[in-house]
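So the protein sequences, as listed, match chains W and F. Residues 1 to 500, numbered by the UniProt record's numbering, are exactly what the first sequence covers, in order. Residues 1 to 500, numbered by the UniProt record's numbering, are exactly what the second sequence covers, in order.
It should be emphasised that the hints constitute simulated quantities derived from the structure, not laboratory data. Fair warning: there could be bad hints in the mix.
One copy or two, either will do: identical chains are not told apart, so a pair holds if it fits within one copy or between any two.
Said to hold, decoys possible - Derived DSBU-like pairs: lysine-lysine, alpha-carbon spacing no greater than 30 Å straight-line:
id: 1; residue 1: Lys221; residue 2: Lys253
id: 2; residue 1: Lys372; residue 2: Lys425
id: 3; residue 1: Lys315; residue 2: Lys495
id: 4; residue 1: Lys258; residue 2: Lys221
id: 5; residue 1: Lys221; residue 2: Lys116
id: 6; residue 1: Lys173; residue 2: Lys60
id: 7; residue 1: Lys344; residue 2: Lys211
id: 8; residue 1: Lys425; residue 2: Lys315
id: 9; residue 1: Lys315; residue 2: Lys372
id: 10; residue 1: Lys315; residue 2: Lys486
Protein chains: 2
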Amino acid sequence: MRKTEVSGKLVEGTDPHFKWSHSYSSVFYSKVPYDPTGPMAWFQNYDVEVRDRVKAVSAKEGVPVSVQWSTSGYFYPIQIAQFALSHYSKHFTEIGAEKPRETVYFDGEDKQGSWKIPDSAHVERLYDAVSSNHYVEFNVKAKENADLSLEPSSDLILKLDLYSASNTSIFVKLEDRGKPYYLVYTTALEDVIRVEDNRVIYGMGRESEGKWIRFVRDLGKDLQKGYAPPNLNPSSGARNKSNASHRKKIKFKRTALKPIMLSIRGQGKLDNVTLVSSGHMETFFTAADWFVKVQDRKGGWSVPVQRRMANGALKLEPGWYSAMAQGQALSVLARAYHSSGEQKYADAAGSGLDLFGVPSGSGGVRAEFLGKFAWFEEYPTTPSSFVLNGFMYALMGLYDAAEILPEPAASRASRLYKEGMDSLKAMLPLFDTGSGSVYDLRHMTLAESGVPPNLARWDYHATHINQLLLLGSVDPDPGVLNSVAKRWIGYMSGKRAPHN
Amino acid sequence: MRKTEVSGKLVEGTDPHFKWSHSYSSVFYSKVPYDPTGPMAWFQNYDVEVRDRVKAVSAKEGVPVSVQWSTSGYFYPIQIAQFALSHYSKHFTEIGAEKPRETVYFDGEDKQGSWKIPDSAHVERLYDAVSSNHYVEFNVKAKENADLSLEPSSDLILKLDLYSASNTSIFVKLEDRGKPYYLVYTTALEDVIRVEDNRVIYGMGRESEGKWIRFVRDLGKDLQKGYAPPNLNPSSGARNKSNASHRKKIKFKRTALKPIMLSIRGQGKLDNVTLVSSGHMETFFTAADWFVKVQDRKGGWSVPVQRRMANGALKLEPGWYSAMAQGQALSVLARAYHSSGEQKYADAAGSGLDLFGVPSGSGGVRAEFLGKFAWFEEYPTTPSSFVLNGFMYALMGLYDAAEILPEPAASRASRLYKEGMDSLKAMLPLFDTGSGSVYDLRHMTLAESGVPPNLARWDYHATHINQLLLLGSVDPDPGVLNSVAKRWIGYMSGKRAPHN
Ligand SMILES: [Ca+2]
Ligand SMILES: [Ca+2]
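So that you can see chain W by itself, here it is in the shape it has in the complex (with noise of 0.2 Å):
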């Protein structure tokens, strides 16, 4: 996993996320072991959907456009992965087990709101006898909208049913202290995001038109991206000339927006509109159904993106795998097959475990070291690259589906964990300078190249002691994993291994 975002940011000195990105090197200690039906590690600390590197939350998917490594946007399966994750541990840290505050605007049945219908508008009332429910279809010309008032609130979670039919939009009008900005939803736009004044539209694009959806968007988070663009890598010499880095930054203060009112227009049917105070498992059962709508006939979710690293000498062409990123969809799938019982989330994280055996030569993510060890790259490079962090988060999700998963996909996980946990044992204490952690073993492997160590930066020293701290607090013979990960956390402040 590469956090570019953070020491670009701090770097500059001005990141207004520069506390969040701290927290980053930072240990966590936890007094109970691991669960892994609750929250994933300390993800609740994330608000990926926040990174630069992140686009935007797309509105086909509900789940964020990455533009690390491709300005262009894609979907990197790790970062969403990472996104689900931060929703479901945040259910358990924010909220506990208070139900979250939800005010329904309409719903067809009691609830039928405060509508203002320009006369050209159609608009009406149907009930669907199969599921016994209301809705409303409506036809707003363009430039026209059917208002239904919000009451100023404060809380930012919309959520509501959609059946795009054509040119459907959504509008939702907010203030911030008094000064208007819309929202909009839109079929008529394929692009992720686009700002135009005090407006920020997201695409649906005509493959959202249709069908029913679930739509959950945060406001807040919606807005803010709108006037915070994505900084995009100055190394890759892929700054963007577009409006996006000319645009104003604005930082908005999330207490002090309140959405006002929410508009319709094209062709559609909407229901149940509500603004609640927290979606984290909506979000997080939005980014588990991605999962298992995308995952391919491999059972992976690729990158779509080329990879470099080592200046080069290490590459990945578009399509590759991560270890990290299968295994941090098991985490994602296990724990939606915890929380809902549903089979496919079961099948989808079973499928995932098969590139687990599969060489990294050969397409896979299983490359070994000096023939002897079994290491679940997350750059499965030729030759290998052995990142520490990517393999411990792999080992994770191998954990987790281990102890969630049914027969025999357990069993399966558990072999692999096992596996994996040997050469993490046998093989840690070469991660270890004496000073501080190295990120990978590319100095092993490229040492014909002459590629000298890659030491880990702070914030990637910080994430493999608590990775260490998790892994061992549910290892029945954890000595290596707790006295290395003591020895690092030393290295934080200043101390050093002993010299000869």
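Starting from the known structure of chain W, fit chain F with the ligands onto it as the hints suggest.
Below, chain F with the ligands without anything else, positioned relative to chain W:
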């Protein structure tokens, strides 16, 4: 190889050999490839017999006695090999093609010498018809001496042939700017060295009696050793309370020392009393002969003291073999064979290869890294320790043997050398911390005990670099060796590997 005396001295800050010690941290560049018939590496810079850890050069064997891990003193083959190789190397670098200055004071032929013989003594010139040689036979009572004037000379290497019959003693009177000191070499003492006022007494022991011995001593160093007693390792708790530690320390200026007189006492025979400016090759062959003489049935030169590492987690019981000892002995014996053509040296070297094939768990010196790479262990511990510098010294010895020895030993050595070089090239990155090097891989083999990386202090780090440069100079494919050496040189001036 351990050199604790250096750091001990550095801590005290009063080491008269500081400059020499400091040279341990130097990188020695060479414009020409390493030549196994020439100087051994940078060993011309070594003054082994001056080291704290050397009790003295034994008058019984002509080789140094170590007190490194045992205050009672023992023959440490690595130290003896370095003693031999330093003299071999100085022979080339100090005098080049020039012959040392030599003054014969008595040879029984032309040079009868200027003797002063007490009345009670019997001193007679005799002739051995077999060797066509005259010598002197003597019988001098206790407390009397037969004196041979040496005329004040600045040459401090004493050579003579001696047949000790009973209670035989050689006295040498030296003056340091007029102040007299006596060196005594006597079969009446078994101890290595003893100091009484202005007399430094070396024990030749009873075993020296009854045979002709070629006796070569550095009078300057022999005297100095009496007044700069070994500074025993405080951490071992063995700091001795004997007179040695209370003895007055004197730093002699070599050029101020003048041999005045040689005296004989007891019964024996004497010939060829000579002072020379330099006797490196004689000293070298004395040590080479020691290796031939004491080699055991396994072809080994075992170490007769216990060795503990990693706070006792690694332990070798007395009688262990060291790949470094075997390798450095090969460097000695190959050169002795090259210089003399004598088969006994080639035979001993050939037998010295045997232990390289014996696993360290079975009393040999051969370890394996993850069952894949052979490693010749300086300390063949269980689990393995993988000490880098000792391994590279072993490789240098194998190279010397492969280049110099006759068949079949050359081919055997060559195979072992190539096997070891493959391991070195593959494993070298494991010793790279990104800002220095580790001394061994104990943190890997003892990971379960929580053992941290054993960072190499700078003199070892410099040794690693010098060994890599040397091995690289004769390697057909030195890429890894040279690139690592270059990076490690950078670390010495504060450079670090990049972090991500
Ligand atoms: Ca309804
Ligand atoms: Ca003679």
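Here is how each hint holds up against the structure:
For the homomeric pair lysine 221 and lysine 253, the shortest alpha-carbon distance inside one copy (11 Å) is at most 30 Å, but the shortest distance between copies (82 Å) is not. For the homomeric pair lysine 372 and lysine 425, the shortest alpha-carbon distances inside one copy (13 Å) and between copies (18 Å) are both at most 30 Å. With identical chains, the CA atoms of lysine 315 and lysine 495 are at most 30 Å apart between copies only, with a shortest distance of 28 Å across copies and 36 Å within one. In this homomeric assembly, lysine 258 and lysine 221 come within 30 Å of each other (Cα to Cα) only inside a single copy, at 13 Å, whereas the closest approach across copies is 92 Å.
Only within a single protomer do lysine 221 and lysine 116 lie at most 30 Å apart by alpha-carbon distance; the minimum there is 27 Å, versus 109 Å between protomers. Taking the shortest Cα distances, lysine 173 and lysine 60 sit within 30 Å of each other inside one copy (20 Å), while across copies they are farther apart (101 Å). With identical chains, the CA atoms of lysine 344 and lysine 211 are at most 30 Å apart within one copy only, with a shortest distance of 20 Å there and 94 Å across copies. In this homomeric assembly, lysine 425 and lysine 315 come within 30 Å of each other (Cα to Cα) both inside a single copy, at 28 Å, and across copies, at 24 Å.
Taking the closest pair of Cα atoms, lysine 315 and lysine 372 come within 30 Å of each other both inside a single copy (24 Å) and across two copies (27 Å). In this homomeric assembly, lysine 315 and lysine 486 come within 30 Å of each other (Cα to Cα) only across copies, at 26 Å, whereas the closest approach inside a single copy is 34 Å.
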